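Trainee: Here is what each chain is made of, one letter per residue.
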Amino acid sequence: MDVRYINPFIESTIHVIKTMSSVDVKFGKPYLKKDEVAKGDVSGIIGLIGDVKGSISVSFGEECILPIVSKMFGENFSELNDEVKDAVGEISNMISGQARQKLELMGRNLRAAIPIVIMGKNHTISHITKDKIIAIPFMTDNGDFTIEVSFEE
Amino acid sequence: MMDFAITILIVDDFASMRRIVKGTLKSIGFNNFIEAEDGAIALKMLEKEKVGLIISDWIMPNMNGLEFLKAVKGNAKLKDIPFIMVTAEGQKGNVLEAINAGVNNYIVKPFTPETLQAKLQKVLK
Chain F
1 MDVRYINPFI ESTIHVIKTM SSVDVKFGKP YLKKDEVAKG DVSGIIGLIG
51 DVKGSISVSF GEECILPIVS KMFGENFSEL NDEVKDAVGE ISNMISGQAR
101 QKLELMGRNL RAAIPIVIMG KNHTISHITK DKIIAIPFMT DNGDFTIEVS
151 FEE
Chain C
1 MMDFAITILI VDDFASMRRI VKGTLKSIGF NNFIEAEDGA IALKMLEKEK
51 VGLIISDWIM PNMNGLEFLK AVKGNAKLKD IPFIMVTAEG QKGNVLEAIN
101 AGVNNYIVKP FTPETLQAKL QKVLK
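Chains F and C are the protein sequences, given in the same order. Reminder that position 15 of the first sequence reads as 15 in this note's numbering, one-by-one numbering, no gaps. Reminder that position 11 of the second sequence reads as 11 in this note's numbering, one-by-one numbering, no gaps.
Since the hints were derived computationally from the structure, they do not count as laboratory data. Owing to the predicted nature of the structure, the values given are computational and were not obtained by experimental measurement. Do not take every clue at face value.
So the derived label-pair ranges between C-beta atoms look like this [unchecked claim]:
(1) C:Gln117 / F:Lys26: 22 to 32 Å
(2) C:Lys77 / F:Lys34: 52 to 62 Å
(3) C:Ile28 / F:Ser22: 36 to 46 Å
(4) F:Asn142 / C:Ile28: 26 to 36 Å
(5) C:Glu47 / F:Lys26: 29 to 39 Å
(6) C:Gly23 / F:Asn81: 10 to 20 Å
(7) F:Glu62 / C:Lys122: 35 to 45 Å
(8) F:Glu75 / C:Lys122: 22 to 32 Å
(9) C:Ala76 / F:Lys26: 52 to 62 Å
(10) C:Ile28 / F:Tyr31: 21 to 31 Å
(11) C:Phe4 / F:Lys71: 23 to 33 Å
(12) F:Asp2 / C:Leu96: 22 to 32 Å
Where is the CB? At the ideal position from N, CA and C, for every residue including glycine.
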């Protein structure tokens, strides 16, 4: 997998979370992920096709996503529910859209499928390619979340 | 001067996004909304309701935003309703396709309330 595909997703994630919720996000060192178990409690997954084929996922810990969604909606969310699940789908969609704009500038055109959202402890994330999965950890004041990116040429 | 009494049709398959758009519109001064989950449902609503503005997502099941836009702009009774596409699809080809289909303005998600307000002032003046 071309590692240049990683940066657009990092930049887009920071921009989307900050714009939608005013939550500041820092990112850690990307690493190779070797299993399918999600790092978080609720994950959005989007398949991407076009000049390259791949998928991305965004997986939030409960303690991390609840303050983000609370700020998005301007009301307090204290547990994972269908509204939080729906919001994670939309956040995933926006990160994918922003990143695809940046990838277009790098000469790679991609179309996105409608996001799938999975919720629950220790759920699994299946990427559509069998290529390497790069995971990028992100940190907020209230907890962590992880982006996974997998592309094959 | 915008007419705050108009009914705004918000079309998005994500309830969370409809809620955010509605909240932003309320903060600007609008109070009358109807909502649809996709273009097909929205078209049926337009047969019955008098709408002053349409705000629609692009990627939706059944009838997507572009198909919905084409249906609206191809209908003599509906074509003059201002249509704003609010979407994560910000690639050049998408924007051009929407412009060619007659969209009145285009907002790439994520957006700030100020962006939405500025676009509204352009299409509702």
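Trainee: Range hint 22 to 32 Å: satisfied by the CB atoms of glutamate 75 of chain F and lysine 122 of chain C?
Mentor: Holds, since glutamate 75 of chain F and lysine 122 of chain C (Cβ atoms, about 31 Å apart) stay within the stated range.
Trainee: Looking only at beta-carbon atoms, does the pair glutamate 47 of chain C, lysine 26 of chain F fall within the given range of 29 to 39 Å?
Mentor: With a Cβ separation near 50 Å, glutamate 47 of chain C and lysine 26 of chain F fall outside 29 to 39 Å, so the hint is violated.
Trainee: I want to verify a distance hint. Is the separation of the beta carbons of glutamine 117 of chain C and lysine 26 of chain F within 22 to 32 Å?
Mentor: 31 Å Cβ-Cβ, so the 22 to 32 Å window holds.
Trainee: Is the gap between the beta carbons of alanine 76 of chain C and lysine 26 of chain F within 52 to 62 Å?
Mentor: holds, 54 Å
Trainee: Using the C-beta atoms of phenylalanine 4 of chain C and lysine 71 of chain F, is the stated range 23 to 33 Å upheld?
Mentor: holds, 26 Å
Trainee: Does the Cβ distance between isoleucine 28 of chain C and serine 22 of chain F fall inside 36 to 46 Å?
Mentor: violated, 19 Å
Trainee: Evaluate the given range 22 to 32 Å for the C-beta pair formed by aspartate 2 of chain F and leucine 96 of chain C.
Mentor: holds, 27 Å
Trainee: Per the hint of 21 to 31 Å, is the separation of the Cβ atoms of isoleucine 28 of chain C and tyrosine 31 of chain F within bounds?
Mentor: Violated: the Cβ-Cβ distance is about 44 Å, outside 21 to 31 Å.
Trainee: Should the hint that glycine 23 of chain C and asparagine 81 of chain F are 10 to 20 Å apart at their CB atoms be regarded as holding?
Mentor: At roughly 18 Å between Cβ atoms, asparagine 81 of chain F and glycine 23 of chain C fall inside 10 to 20 Å, so the hint holds.
Trainee: The hint says 26 to 36 Å between asparagine 142 of chain F and isoleucine 28 of chain C; measuring C-beta to C-beta, is that right?
Mentor: holds, 30 Å
Trainee: That 52 to 62 Å hint for lysine 77 of chain C and lysine 34 of chain F (C-beta), does it hold up?
Mentor: Hint holds: Cβ distance 58 Å, inside 52 to 62 Å.
Trainee: Taking 35 to 45 Å as the hint, is the beta-carbon distance of glutamate 62 of chain F and lysine 122 of chain C inside that range?
Mentor: holds, 41 Å
In summary, the numbered hints that this structure violates are 3, 5 and 10.
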